[in-house]
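A.B. asks: I would like the entire structure built from these sequences, with the hints used as guidance.
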Amino acid sequence: MSPKPSPKTPKSSSSMFGMLRQYWKFSALLAGATIIGNSLGLFVPKFISWGIDMYSRGEPITETFYIEFLALSFGIFLLTYFQGVFQTYLSEKAAFDIRENIADKISGMTYARLESETPAKLLTNLTSDIDAVKVFLSMGFATIISSVVVIVGAATLLVRIDWRLALMVLTILPVIGLMFFFVFKKLGPLFKRSQELVDGFNLVISESVIGSAIVRVFDSGELEHAKFSAKNTAAKDTGMSILKMFSLVIPTIGAVANVASLVILAVGGGYVISGSMTIGDFTAFNSYVFILIFPIIMLGFVSNIISRAQTSYNRIKEVLNLPDEKEAGTYEHEIRGDVDVKNVSLIYGERKVLDEVSFSIRAKTRMAIIGPTAAGKTQLLQVLMGLTDPKSGEVFYDGKPLKEYAKQALYSQIALVFQDSVLFNMSLRENIGFSATVKDEYISKAIETAELGDFIHTLPKGLDTIVSERGTSLSGGQKQRIMLARALALNPKVLLLDDFTARVDTATERTILSNIEKNYPDITIISVTQKIRSVEHFDKIILLMEGELIAEGTHAELSKTSPEYAQIMESQKSTQAYEN
Amino acid sequence: MTTTYSLQDQKDTEPKGSALSAFRKMLPLLKKEKKGIIIAGIAILANSVFNLLGPLGIGYTIDHYVIPHDYPGVLMAAGVLLAIFAAAYVSNYVQMRVMGGVAQRVLWDLRNSLFVKLQELPLAFFNQNKAGDLISRINRDTERVNEFFSQGLMRFVGNIFLIIGAGIFILFINWKLGAAALAPGLILFLFARLVSGWIGRVNKKSLTASGLLSGEIQESIANFKIILAFNRRDYFKKRFGTANETNFKAAFRAGVANELFTPVFEWMGNVALVIVLSFGLYLIASGDFAIGLLVSFVIYVTRFYDPLREMARLWATLQTALAAWDRIGIILAFKSDLVLIPADSAETKRDGKGLIEFRDVSFSYPEGKEVLRSANFVFEKGKTYAFVGPTGGGKTTSASLLARLYDPTSGTVYLEGRDIRSYTHAERTKKIGFILQEPFLFSGTVKDNLFYGLDEYKGHSDADIAAVLEKFGFTSLVGRFERGMNTPITSSSTLSLGEKQIIAFMRAVLREPDLLILDEATANIDTVTEKVLEDIIQKLPKDTTRVIIAHRLNTIAAADDIFFVNNTEVKEAGSMEHAVEMLLHGKRQS
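If you're matching them up, the sequences are chains E and Y in order. Using my numbering, the letters of the first sequence map in sequence onto residues 1 to 580. Using my numbering, the letters of the second sequence map in sequence onto residues 1001 to 1590.
Each hint should be verified, as a subset may be incorrect.
[Unchecked claim] Below are the BS3-like pairs computed for lysine-lysine, each with C-alpha atoms no more than 25 Å apart in a straight line:
| hint | chain 1 | residue 1 | chain 2 | residue 2 |
| --- | --- | --- | --- | --- |
| 1 | Y | 1205 | Y | 1237 |
| 2 | E | 391 | Y | 1225 |
| 3 | Y | 1205 | Y | 1238 |
| 4 | Y | 1447 | E | 227 |
[Said to hold, decoys possible] Label pairs and their computed distance ranges (CB to CB):
| hint | chain 1 | residue 1 | chain 2 | residue 2 | range |
| --- | --- | --- | --- | --- | --- |
| 5 | E | 425 | Y | 1365 | 12 to 22 Å |
| 6 | Y | 1032 | E | 321 | 46 to 56 Å |
| 7 | E | 343 | Y | 1204 | 32 to 42 Å |
| 8 | Y | 1330 | E | 343 | 51 to 61 Å |
| 9 | E | 22 | Y | 1171 | 46 to 56 Å |
| 10 | E | 39 | Y | 1190 | 24 to 34 Å |
| 11 | Y | 1197 | E | 425 | 27 to 37 Å |
| 12 | E | 78 | Y | 1171 | 28 to 38 Å |
[Stated by the list, open to error] Selected chain E positions facing chain Y (in silico; Cβ < 7 Å):
| hint | residue |
| --- | --- |
| 13 | 475 |
| 14 | 561 |
| 15 | 571 |
Hints in this document: simulated from the structure, not taken from any laboratory. This one's a predicted model, so the numbers in the text were calculated from it and none came from an experiment. Glycine is no exception: its CB is placed at the ideal position from the N, C-alpha and C atoms.
C.D. replies: Next up, the structure:
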């Protein structure tokens, strides 16, 4: 039963029902089982009426009659079970394929695209949207078929037993149908609102879990509780409104059915007395009326399922129909490590994050980027990495535009140490050797350089220790050193550091920096940092402020020519007295 | 003593045994609703009786009026039935309305007590459980209970009454035929007992698989840039593919098991009909039974087996709801280990020194890692202290003990001479401010975050607020944000780490604590802005005590006293030079 990914969903099917065409074999099997099973089901009251009539006429009831009856019930059992299995397979298979297709789509996305689609939305696509489609396939489709079969079948049988009485009774169908139509029209928005409220208090719960420390520091539990309570109460009120409607509608349906059975009794009873109807048919009539009610109610529910599923399906389609992003670059040569940035601008919304930034750095030299909070330093690194495309301007490696490089080839030569520590739920070895191109000797060199050796020795399982999701068992500094080791393990030509020593103590930082100089003498380094002291001896320092490059040069030059730089130096002066 | 709050350690308690024992667990929450439940119970009972009287009336009419050809009698009977149906309608409405109301209120109560409990539990609870796990667990579990309560419960209770009522009527009309008609029900009971273990197992596997799948999705999407930068799109696809396939298999297996119930129940219902027909006709032939009653009987058998079938369908929802209830119960049963001790007890009278004092404080994490051993120090009013030391050395833990985010394993922390445990949370947090290493902002605006929980500023006009900001020297800091005070903060806003730290800093200072702890509070802020923040700290009232943890030495240059925290010890470093010496040459323990 191993699922093989089906070919991509054809783009033409914009309606969810198109999915049924895609899995036509299973849809047909499902439809077949449903139609036959439900049709057979309609014969059950018929059997009883035959039995009663045969008896009333004084005919002997044979064993064959009962055996046929039992066979019928067994047949219904098998077909209903098949229906269940088919609908499970159909829905799970379709869900599997959609997930696979979305995952394919995501894994082909650029970072910029993922950010613009937003991770939260993709997460919804992959979870609740797929669930909604699944509910339609597993329940909705078969329910529509069985409801139609039962309504049409039972109505036909009623007409055939006695058309006059049937017409009287069948007037209840449109009444119930209309009622449901109106109720669901009103219920739709209520359900939506209720879902929004649930999302709302889930957000409060999330925040009070993630922010649990600050809530305790401020003792603001009550404040959070008030936020939660408002949402909780609103959800209860919406639930009550839904309830009010339901508690009117459902008894009404029962009452309508009861009235129908009264009509049957009063009118049908008359027919039986006048001899134009048998007792058996009279009994069957009663049963069919009750059989008829249920599918009408179900159709009402299904219409709701369908509209929800269709909305979800449209959202899924939107993602699947995104144009495939082609890998533009093909250049695969080894780089020396010259980096040139020419007139790079980046705009987020209305905010200019980078404004015409240009600089050059030769291979095997070291450059630092210094600047206040929110100067655009991290974004600059992302542009250098090709994770974010600049609005205008270009980045060159060895004189060739970044765009022309095959990303695959480039990413095994450029490494970025991200500011936030991300650890995967796997062993330390796999976390450090995360890139597939990493060799074992690279890993040990990286560990040694990042000063992780001592720490790994203290672990009973050493490098094979499994790191938990957010790396909760590790200190901030340990995590950041693992991130550094992961980058160094690529044995890169260019190393981009994003404030990586912010959580590493000075002694360790120094050792690590000198380790890098010693172990990776040919590396080009671009380091975003807050501490001038650590980068004083770098070949070049650029100063970034509000997205603009306002000064560049060596430490000595900048300290003479740039007042902003001097100010930063001044702010760090007290430190330096102690660190020499 | 450190308490274990890990939910992993709690065995996943599957609801075993009868539904009765599970319902008993719900009792405490249902108690408040006694009145509603009684009214609903009466309505349900009445409704069942009225509903069940209908078929009996029809059978009676056939035997006594239709077969004897008494048409006026038929009409009269129809009139009586109309009255019964009207009563059924009213009772059904009351039952749904009242019971539904009870369900909604219980649900509200459950969510509420869970949230209150979350606020009451100490930080240890959150540190010992993964945030992602905790959130999805709470959200999913309350949703499951919600599903059952708002939809399943009423039908469930109503069906139980219908089944019991139909059973009684069947046996009452003719006990021999009744017993025969109910026999397939016994088979169903045995069948359910037989397969429920298997069904529970496959469903549990399926739930686990889908949990792993969503975890995988979440992790991969969140870390997409790393996956890109290290060329590991294949990693994402492989991990995802495996999880997807496991989930598919588990879900399909669960489906095959779950789908078995409905057909089997339907089948047995039909078998019961065959029995009623054959045995009933035989009884009529032998003069023990009437044809009209047989018609009623057929209806009752349907009224017995149809709700039974629906119960089978609802059973799975009930099981998951009970399991969810159980899991919520585990959280509700946790007690905070940060108890309030009486302020005048003998222990608290022992006067501590300074503003805050550590006396023989030791601390170990539940998994056994010892962080502090018998630490002693005193912090005086109005002075500045610094904790330095290697990463993982225990600085943050010491600071957390100062703020009573944890209690020491042994020893005592004194706040203004009194055991810190004798202060209420409100009293203590008013005195102690703590800027955490990881800045966390609530969704809302910059203003919402700055004045978070500060009631005294509630209702201040914009001009008043501006004056407050000016007083604290925050005006230029706030001005950095795109729309100043009104800059929205959402989960997707693009504030940098440094910007978040600035807000967290202002938020803590605005509260004017007696003791302000800064734990790497400015690590990602540039040094010029840091200088601005430093000036603000200098301008705090002269009685304010500051405790600073930082890697950047300039941040701690102004400290009156420096403590070196490492290797379970908190040592006074004396001078800055000595501290630097220790930092540079001390053996790292991380």
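A.B. asks: Checking against the hints above, which ones are violated?
C.D. replies: Violated: hints 7 and 14.
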